[in-house]
Structures are given as C-alpha cells and as structure tokens.
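For reference, the chains in residue letters:
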Amino acid sequence: MGAKRAAALGLAVVLGSAQALLGADLATVQVVVGSVEVQVDGRPAEPDIRELVPVRSGETFSYKRVTNAVKEIYRSGLFADIQVLRAGTDPVDLTFRLVRKVFVRRLDVVGDEAISPKRILSRVAALKPGGEFSEEKGGRAVEEARAALEREGFFAADVRLLTDRDPATNTVDVRFDVRSSRRFEIRRIAFVPKDGRVREESLKQMMESREGRAFVPSRFEADVERIKAFYVARGYRRAEVAVADKVFDPEERRVYLTVRVALNERIEIAIRGAKVPAGIVAPLWEERIYEDWGLSEGEARIQAYLRRRGYLFALVRSSIERTDGLVRVIHDVDAGPRATISRLSFVGADYFGEEGLKRELGLASAFSLFGVIDGDRLYALPREIELIYRSRGFSDPRVTFNMIREGSKVQVVFSIEEGPQQTIEAVQILGATLFSVETLRRVVRSRPGGPYFAADVQRDIEELETFYQNEGIRGTVIAVRVEEPRPNAFLLRFDIDEGQQLRVGRILFSGNRVTRRRTIERELRIREGDRARRNLILESKRRLENLGIFSEVKVEEVVVGPGLANLVVGVREGELNYGGVGVGLETKNAPKTFAVWDNVVRLRGTAEYIRTNMFGTAAQLSLVGQLSLKETRAVVSWEQPYLFGVPLETVLTGWVEREERTSYGFERRGISLTSVKPLSQAVMVLGTVRWDRTVLFDLEISESEVDREHVPYATTSLSTSFVWDRRDDSANPTRGRFLSGAVDWAFPLFKAESDYLKLFVKTQQIVPILADFSLALTGRLGLGMGRMPIHERFFGGGSNSFRGCGFEEMGPKDVSSGLPLGGKALILGNFEFRFPLLRSIPNLFGAAFFDAGHVWAKRKEVNLFGLETALGIGVRYRTPLGPVRFDLAWNLDAPEREGKPLAFITIGNVF
Amino acid sequence: MKTPRLTTLRSAAAVVAAVFAAVSGAPAADLVDCLAAVVNGQPVTLVDVRVADAFGIYREEEASAPVDRLFRVLERIVDQKTVIQFAGASIVLPESEIQAALRDLLDRLGPAAVQERLAGFGLDLDDVLNALKESLVFRRIIELRFSRSVTVSLQEMEDYYERVYVAGRIREGLQTEPMIALLQEIEARIRRDKIDAQAALWIRGLRRQAEIEYRYDWLRMIPREKE
Chain L
176 MGAKRAAALG LAVVLGSAQA LLGADLATVQ VVVGSVEVQV DGRPAEPDIR ELVPVRSGET
236 FSYKRVTNAV KEIYRSGLFA DIQVLRAGTD PVDLTFRLVR KVFVRRLDVV GDEAISPKRI
296 LSRVAALKPG GEFSEEKGGR AVEEARAALE REGFFAADVR LLTDRDPATN TVDVRFDVRS
356 SRRFEIRRIA FVPKDGRVRE ESLKQMMESR EGRAFVPSRF EADVERIKAF YVARGYRRAE
416 VAVADKVFDP EERRVYLTVR VALNERIEIA IRGAKVPAGI VAPLWEERIY EDWGLSEGEA
476 RIQAYLRRRG YLFALVRSSI ERTDGLVRVI HDVDAGPRAT ISRLSFVGAD YFGEEGLKRE
536 LGLASAFSLF GVIDGDRLYA LPREIELIYR SRGFSDPRVT FNMIREGSKV QVVFSIEEGP
596 QQTIEAVQIL GATLFSVETL RRVVRSRPGG PYFAADVQRD IEELETFYQN EGIRGTVIAV
656 RVEEPRPNAF LLRFDIDEGQ QLRVGRILFS GNRVTRRRTI ERELRIREGD RARRNLILES
716 KRRLENLGIF SEVKVEEVVV GPGLANLVVG VREGELNYGG VGVGLETKNA PKTFAVWDNV
776 VRLRGTAEYI RTNMFGTAAQ LSLVGQLSLK ETRAVVSWEQ PYLFGVPLET VLTGWVEREE
836 RTSYGFERRG ISLTSVKPLS QAVMVLGTVR WDRTVLFDLE ISESEVDREH VPYATTSLST
896 SFVWDRRDDS ANPTRGRFLS GAVDWAFPLF KAESDYLKLF VKTQQIVPIL ADFSLALTGR
956 LGLGMGRMPI HERFFGGGSN SFRGCGFEEM GPKDVSSGLP LGGKALILGN FEFRFPLLRS
1016 IPNLFGAAFF DAGHVWAKRK EVNLFGLETA LGIGVRYRTP LGPVRFDLAW NLDAPEREGK
1076 PLAFITIGNV F
Chain V
-17 MKTPRLTTLR SAAAVVAAVF AAVSGAPAAD LVDCLAAVVN GQPVTLVDVR VADAFGIYRE
43 EEASAPVDRL FRVLERIVDQ KTVIQFAGAS IVLPESEIQA ALRDLLDRLG PAAVQERLAG
103 FGLDLDDVLN ALKESLVFRR IIELRFSRSV TVSLQEMEDY YERVYVAGRI REGLQTEPMI
163 ALLQEIEARI RRDKIDAQAA LWIRGLRRQA EIEYRYDWLR MIPREKE
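Residue numbers (the working numbering), protein chains in the order written: chain L, 176 to 1086; chain V, -17 to 209.
Treat the hints with caution; some may be incorrect.
Said to hold, decoys possible - Listed next, the in silico EDC-like pairs over lysine to aspartate or glutamate satisfying Cα-Cα at most 16 Å (straight line): (1) L:Lys293 x L:Glu307; (2) L:Lys312 x V:Glu193; (3) L:Lys312 x V:Glu195; (4) L:Lys276 x V:Glu195; (5) L:Lys239 x L:Glu226; (6) L:Lys239 x V:Asp35.
Everything labelled a hint here was simulated from the structure, so no lab data went into it. This one's a predicted model, so the numbers in the text were calculated from it and none came from an experiment.
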C-alpha cells in the first residue's frame, strides 16, 4: 500500500474515534458571502488580479475558506501583504486589500564624502537592486550598513533609510543617509609578546594602518593578514597573527591597538632529488595537522606532479627533522626515468572488449605523439575503470596494471577481474492506473536482463516523477523495492502512488507595464484548459527569458480548486535603454617597431544606443556610430523575434559608411533584411536580402567596367548561410568544430548592375592534446563568378587571415600601382599549435603556426601548388573577449623580405 | 427542536466572534484575516494564530494578556515552522501519539466547545489535527536533538531542591517532602529546563538564518483589552 494511503487510513481511524466523541450534527443554515471587493494598493483591482481571489459571492463564508484564499494569493508571488475585511454578518461582504510587492531600483549611500558607497553596499545583503523591498528588509539593511560603516572606520553611525517610491513601476530608490558618525585616530600599535624575531618597526612599515591616521577596521584586518603572509613566506607557516586588543578612548577619539604575533616553529620544506616546486606541498603545513597525514599527502602530490610530466616510476620517501625552532619536512624523490606511455592494453575486459573500453575512457582518439595519456591519469585509470564497470552492474571489479618499459616508452597492461555482473531479472510497476505499464516501462532505464546499478534505479524514480509532472499530474509518490531472489539477480518493484491530474484554469499576467500581453502570450506553450504539463510550463518560462527583455520570469501554479490551478506569469521588466561609448587610438600607418611616435596617432571612437522592448513587442532598436581615420560608419537596426507572426528572428538594417582600404576607398549606403533560424543548439541558418549603393574613391588600380571611381555601383542580392558551431567557447575555444557556408547571389534589379555569385566556406577544428595543449586547424574557401566589383572580391593577408603579408596584400596586384586587386578565388589554411607558457600565469600561451593560402583573379587559375606559406611564433593572453595576440611571421615565399618578420598585435582568434 | 448538542453554523460563528471579542475586547472586528508572518516563504495568517489559540495548542501562553497572547502564539508558530523546515522532513509520528494528543484536547476543552469552535472557524477536525501534529513534530525534533545530550547531576538536583522547592514551600507555609521522594520529578524538571534553554538557543540561531518577515498591522487593528 502506498505510504500516502496508509497515512490517510490511520488518520481516518483517529478522526473517526474523535468524531464519535464529538457526536454533534450541524444544521444546514450557512452564512453566505455577499459581495467580494478586491483592491490593489488602494485601487480597484483589474480583472486578472480579481481572478486570483478564490472566494466568490454566494459561497459559504468560513474563516478557513478566507485563510486558504489569503495563502493562495500570497503564493502567487505578486503581493507583499494581504488583508481581508468584512462588513455585515449575513451575508458577509468581504474586501480583499492587496499590497503589491515593491522592488529596489537603486541603492545609494549619502553622507560623509569619505564614505565609499560601493564598499558599504557590497556588505548589504538584505537589499539589492532588483530584489524585493520591505520594511523588515529595510531594517536589516540599515543594521548591515551600520556594521559596514564601522568596518570602514565610521563608528556609531546614525543611519536613516530614505525611500523614494515610483508607483508606476512598483520600484523604490533606497538611500542610506549617514547623518553622523565618529572616527577614531590610531594612537599606538603594539605587538605582543616581545619576540626577538619580530621587528616592530618593519611590521609597522608594511601596514597601511598608521599611528596618527584614522582607524579603519577592514584595513587593519588586511594588515594583520599581510603580516601573517609575510611570516608564512619566510617559513613560519604556522604563524598566528591576530588582533589582541582594541582600546577606544571616546573622549579623545583615539584607539590603542595591540596585535599578537606568535611565530611558532619555522617549517622548511625540502624536496630533494627532483625539481618540484615546494609550493605544491607547503599549504599542507599551514595548519596543525597529523604529521603522518601531511607526509603521505605530500608524497601523493609530488608523485602526481611528476607523473604528469612523464616520470611514471617516481618514488617518494618522507621524513621530519626537528631542531631548535625549526621543523624540516623532507621529501626524498627518486624520479626515475622519464617515459611516454605509448600503448595501453586491457586484459580481461570481456564485457566491453578492449576497444570498447578505450572508447568508454575517451582514449580512442588521443594522439600518440605526445603519449596516449599522462602519468597522472594513468594512476587514476583503475578507479575510473572500476566505476565504469560498476555502472554496468559489476559490483566488485578489480583493476591493476603493470608497466613494460621499452627504452623511453612504456606499455601499460591493465588486468581486469570483472567479477560477477548483477542483472535485473524483472521490473514490476505497481499502482499505476492513469498510464499503462508498458508506457511507464519505456520511461525507466532499468530493463530485465540489463545491469543492476543503484544509481540507475534512483534515476528511474526521478524520470518517473518527471514523467508524471510532464503529464500534468501532481503529488505522485514513487518508491522502489529491490529484492534479490537469486544471487546477482534483482527484482525491482516500483510502487506508484499516483497524484491528481491538474488542469490549467486561467492564465494571468503580472508585472508587464510596457510589454504587451500578446508578446508574452505568444511565447507560452500551454493554454487555458490544457493539462498542467510541467515541461511545457518550463518551456514557456525559457522562451520568455530568451526574449531578453525581462530581468526575472516566474510561472507559478496557484491551485484554485480540485484538479484546477491558475498559472500566474509574473515578469519583471528589465532596463529599456542602454548606451555605450568606446574610445581608442589608431595610427595612420603601420607602426614600425618602436617608432610609434613618428606616426599620426588619432582617436577612434564608437558610440552605441540600444532601446529594447520597443512598443512592448520585444523588438529592439539600435544605433551605432563609429569614427576613425580609416572608417566612418552609422548603422541603425531594428530587430524583432517574429516576422509576420512566424517565430523568425529578423533584423532590418540600414547603414551609411565610408572606408579606406589598401587599393581603394568606398562610400556605401544600403539596407538589408536578415532572418535567423536556429535549427538546433549548434546549427543556425540565415537568409538576407540586401540592396546597397557603393561609390569608389581613391581607386589605386586601373579602372574597368565594374571598378570605376566616383560612379555608383548598386547591388541587390540574396544570400543564405548556415552555421554549425560545436566549439566549447566561441571566443576562446579549446576543443570542437565549426563550419559555416554562405552563398551570395547578386542580380540586377532596381537599376542595380550587380551580377555575380559568391560562395564562402569556413571550417575550424580544435583538437586538445593533453592538458592545455591544442592544435587548431582553420580552412577557408572563397569562389566567385560573374562581374564582381573590387569591394565584393576576395582579399587575403593580415593578422586574421594570412600572416605572411600585410592586410589585403595577398594575391594579384595592379600592374601600375602594385596594389592588391583581390580575386574571385581564395584558399586559406591556418595551422596553429598552442601551449602553456608559464604555469604561474594560466592565461598565457605560446603558439607556433603555419599559414598557407592565396588569392587568384579567376577561378580557373587556382593552383594548390601556388600557395604562399608563412611560419611564425606568437604569444597569446586569454581574455573574455578572445585572446590578445602578438604574432611574428616569416613569409617563406617572399625572398625580397630578406628574412624580416611581420609583426601583428590583434584581439581575437585567427578567423 | 434543537437537541442540546445541535449547533447551527450561524450561532457557531457567533461563538467564534465572541472568542474574537474576548481576544480583541470589541464586537466582531472588521479584520477577518491577514498575513501575520512569512517564514521562508511559507505564510502564517491571523486565522492560523487564532485557531492555535482557540484550541489551546500552546497552553503555556494561556496566562498572557489577549493580544500579547496572540503575538506569543504567533512566535511559537514561527519557531515551529523554522525548526520543521530545517529538520522535520524525516520525522514520523506514531498514530498512538497523535490519538493521545487529540484525546487530550477533547478532554481539556470538552467536545461541545471543540464542536463550536470547529463550526465557527469552518474547520474540519483534521485541520486541527494538522496543527496538533505540527506541534508534536516540533517537540519530537527538540527531544531527539537535545534530550540525549542533557544530563542532570546530583548537585544540580540538590541545588534545585534547596533553592526552589524548599524555599518555595517555606514561603507558602507548606510542609516539605524529603528530596528522595521528589528525585524523579526534580530531575525531569531540570532536564526539561535545560532542554528548553538549549532549544531556545538553537532556535535563535535558526531564526537568524531563516527569512522571517512579520506583518504588524493586525496588532493595531485589534484593540487591546483594558488591563
């Protein structure tokens, strides 16, 4: 019997006996609810809110009904306070007074100019921008602010909370008004006990707190930590440094500080026999620990360090020596020869087979050039293998390994004793009436004949619970009984105590002051009257969040009757306006080594304004302006998530630009319409319709039919592209693949001359090799046909394509000016090997690269043997926007360069 | 003809209103119900407090003045919910204990009074039972957590006997019984006091970590009874 049923039966027995004692019978005259009025913030509620109150005129009045209504209304998450007033005795007229939740818009601290609002507010947890405001939280926030002020040296602060509410948005601006406070001057800093090793004057020099200056407790705490770190760095790893006393003189406004410094013994760590940084072991000895544990933990860390570097046979012996005031921890290391693991084999892996087990361990595709795996993982493999076997029902697998040396290479043979496999004999599902047993069997992972693994059984329970939730059933309780009728054969019994089917009554919206109701409704995947399917409710929430116009989205179920719940969709609208300004420097000419000062250096600026949620439709308007020596650009774009009611993200863009390139300059204005459709998480397709008008100037190449100075060239085009991105990070990828393809068809329309077809394909693969090493391969192919003006042709060269020459300098040149012409065919390949440079700077990498490529004037001239090549080295520093790269490249096919490299500084990957 | 035990809901409501009046010191107040507190997102209403008070779930507070009593009952409910949310998920009460508590309530108030109050509030018996069960779970948690760690020494019992029992009896002019006859009772009393003290400290700590909000308007809207 289900647990719920048993409890209900027990309760019935108790109630039955109690009811027998009561024995009373109630007459049927009932007090009735007359009118029900609902007010929100003192004003009559809108119909949506009125629906949240589950008490109706004509129903029986009872305190139980009213109190349940209060609780249900509170659970909608919309209201901070609820009161119910009555008038009359029969009928009873009820008034529900609801007070909306108020949210904090801004927090500030005002008062003494020396107070840093940022530091104070960072320690106030009770109130945060975007969080709920209440008087209670305000009171707590004042206490926190007071404590924070004291940490910053403002004692006994008189802090008042001032609020400025905006009823239109239900937000409040909160100010902590610091009206007065006391500061104390440090009169003296003393150190106890007196210890010849402690030089007071030196310690005072390293402190920011000084005698005669204001006392700031947070600064003083940092000083104490600094002193401790100072002594720890000098081997006093167990030094205890703490504030011993603070004596305040309120009249004189002075404070006397005492710091206790107990150095204890000095601990020296010696690792002999191998170059292993003591830093990997030292932190173990900063606390009082069992020495045996410290020694064995230290040995384990040293071995792991050495094994990662190929010292597979490293042995460590440890001891402790004590002399007066000094403890010496000695690790004697016998590193042994360095070896590369060239081969792994598995004996006894009958269940998986050797190759199958390698696939399970992710070893199948490793490069053997640098070793199949590193030594550290080798020693962790037995445990990994055991876990894999356990997940397949093998309750007691044993894994050992032996190493066979062949010079500097090692073959490792794993011996596996699989032991008996525990299997599931039968799976029973009991208690289900709403769904067939077959349907439920398909939900669970456990199968007759399959492996028995306790974690899988737990997962099955969760899957069943999720299944019921997704079918709109709430309150289902699932328990499992596991029996072993025969050795290693298990019987699973799932006992299901089904809950109740829930349907969606009304769907109510709250918090949308700007956003139209229709904008929210179209993201919902569930309708009134539907079953309350959890997955659809969560999908609706996700879609609303993806609109990018809400800072919070909540979808709450409010039960209003048996099997009926209202859904309350509560949103908090985000900021509507965003602005940004960027300023930089650029040089007119390429900088030559350190002669930057000979260049013309000018400012480069970008300004951007974005207005989101235009007209409450989740559309976005953005205006971007760029200004620099070489380019000026103004772009206006309108982005919306739907196109004529179809969920298709669409961007309408208009632009005016002027840019100077190597062989030409151009002025262009145009308009385009792009739609983006994600097909999956990794795949996206785009389609663009474009019209633009280009006028070339400063044309440094011979004029032609399509390349004409000052004569406009109009283009109308249709392009389609797809992107398949399986990299782990688009800015700093360490593994994965990328593929994109674009076809651009320009045709004569609306007096446009355009008549060409372009294809461009990019691909990239990043292969990790051991920890932090990787190989990145990038390929690009561009093909064009038809009449392509210079500004539509392919160019190559520069820091983001071919580093063996300058920007756009690759390929055919104009006969008279010698400047690049671009072409109708482009092939580029980049091969880059990245490796960590310094362990102490994890974001710093070195690189060795090889670029190959060319641009041809015509497709039929493509010749894979005619590629230019370049070799180079570089340094990268990883940032959230991508790596900052410094590259030096030597063109292997340009003898005129006389071996001089080209230098590039760029942000972003080669792409 | 009405039997002595037949009650209409209308008159039961009047009884409840009278109960409210006894608490509020005024005829049926305008305030029917409101939020009194929220404990980690779980609402506690004024009706919850009044039901607990009407059925004497927290008898220790009965001696207090009416509005103070309601606030004390609220505090007990808040303590209870804080503790149960923290530690009550796995507590299972035996049916016999629940039955005993319910019988005790019926004996204390009398079936007629219980019936009237149920009718007045519009409650079923299982609503009161749920409130009783919650308080029993709370007490069980306290017992499980603290009773084993509490010891009572002979010295403590001797001190209690002399300073509290004997001194009290002398003040009242009553005869004292020998300590040996009262050992069990004294030990139980001291143990209870110690458990309560430790529990109070623990609950204070839990409350600091919990999100507890009070609403105080109802205190103003209920007129105080004249002292």
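Structure-based check of each hint:
1. L:Lys293 x L:Glu307: violated, 20 Å
2. L:Lys312 x V:Glu193: Holds: Lys312 of chain L and Glu193 of chain V sit about 10 Å apart, inside 16 Å.
3. L:Lys312 x V:Glu195: holds, 8 Å
4. L:Lys276 x V:Glu195: Holds - the C-alpha atoms of Glu195 of chain V and Lys276 of chain L are around 13 Å apart, at most 16 Å.
5. L:Lys239 x L:Glu226: violated, 19 Å
6. L:Lys239 x V:Asp35: holds, 15 Å
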